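With chain A held as given, fit chain B onto it using these hints.
So the sequences go chain by chain: A and B. The numbering used here numbers the first residue of the first sequence as 2 and each following residue consecutively. The numbering used here numbers the first residue of the second sequence as 72 and each following residue consecutively.
By construction, these hints were calculated from the structure, which means they are not laboratory data. Since the model is a prediction, treat every value here as computed from it, not as a measurement. Careful, some of the hints might be misleading.
What the hints assert, rightly or not - Residues on chain A that point at chain B, a partial pick, calculated with CB under 10 Å:
1. P9
2. E27
3. G28
4. N33
5. Y35
6. R43
7. G44
8. G88
9. C92
10. S95
11. H102
12. R112
Claimed, not checked - Partial pick of chain B residues on the chain A-facing surface, computed with a CB cut under 10 Å:
13. D80
14. Q109
15. L115
16. I122
17. Y132
18. F134
19. A163
20. V164
21. S168
22. I173
23. T175
24. F176
25. R178
Just so you know, even glycine gets a beta-carbon here, dropped at the ideal spot from N, CA and C.
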Amino acid sequence: SQTIHQWPATLVQPVGSPLSLECTVEGTSNPNLYWYRQAAGRGLQLLFYSVGIGQISSEVPQNLSASRPQDRQFILSSKKLLLSDSGFYLCAWSPNGYRSHGELFFGEGSRLTVL
Amino acid sequence: AQSVAQPEDQVNVAEGNPLTVKCTYSVSGNPYLFWYVQYPNRGLQFLLKYITGDNLVKGSYGFEAEFNKSQTSFHLKKPSALVSDSALYFCAVRDISGGSYIPTFGRGTSLIVHP
Numbered sequence: 002s003q004t005i006h007q008w009p010a011t012l013v014q015p016v017g018s019p020l021s022l023e024c025t026v027e028g029t030s031n032p033n034l035y036w037y038r039q040a041a042g043r044g045l046q047l048l049f050y051s052v053g054i055g056q057i058s059s060e061v062p063q064n065l066s067a068s069r070p071q072d073r074q075f076i077l078s079s080k081k082l083l084l085s086d087s088g089f090y091l092c093a094w095s096p097n098g099y100r101s102h103g104e105l106f107f108g109e110g111s112r113l114t115v116l
Numbered sequence: 072a073q074s075v076a077q078p079e080d081q082v083n084v085a086e087g088n089p090l091t092v093k094c095t096y097s098v099s100g101n102p103y104l105f106w107y108v109q110y111p112n113r114g115l116q117f118l119l120k121y122i123t124g125d126n127l128v129k130g131s132y133g134f135e136a137e138f139n140k141s142q143t144s145f146h147l148k149k150p151s152a153l154v155s156d157s158a159l160y161f162c163a164v165r166d167i168s169g170g171s172y173i174p175t176f177g178r179g180t181s182l183i184v185h186p
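One chain only, chain A, in its complex shape (with noise of 0.2 Å):
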């Protein structure tokens, strides 16, 4: 069965600060990978998507970045951190091309708060 782990669970970084969120994918081969943030425990907003290694869509202009270095490993970067930055961050995987039909299964989370 496909598991999707990432880390770290808690993170408490200061202005300025850089950042690493790391997810990994287990079970599957070329999983579409996303990169999702929640604020105020409501809306999700996509940041970045990947259909494959180094393949990456930005959603939204900002702070962020991300990258995917193996096929199932996908890592949310910033050079220097906001505080507009904290937040809920998710990542998800779903199966790439015919055997999807768009259902998204999520990581635990990173909640990030920026001091």
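Frame of chain A; chain B shown alone:
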């Protein structure tokens, strides 16, 4: 284009009573529809999906959803609510003919089940 609306920010129901969480959608073609549940400080969990066929879809934890094409709705239902059903519920839609495999999520509805 695809969009989804969850008209209620919060739904309150007594334990043992039936519950309904509403969702309406808009697509150019035919929809794939999804429901997810999120417990506090956790990732989203996939509950069920409508692809085609029977308008009543059954999913996890006793939940079901009814697809109504004429009303463009996909309401989530459960015959008898449990206190443990209290959570945030998200509806999502993907337009099959839209060319994108990425679903659009609603803003979420908070379900509170009172003992």
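Worksheet item: Tell me, which hint numbers fail for this structure?
Response: 1, 2, 3, 8, 17, 18, 21
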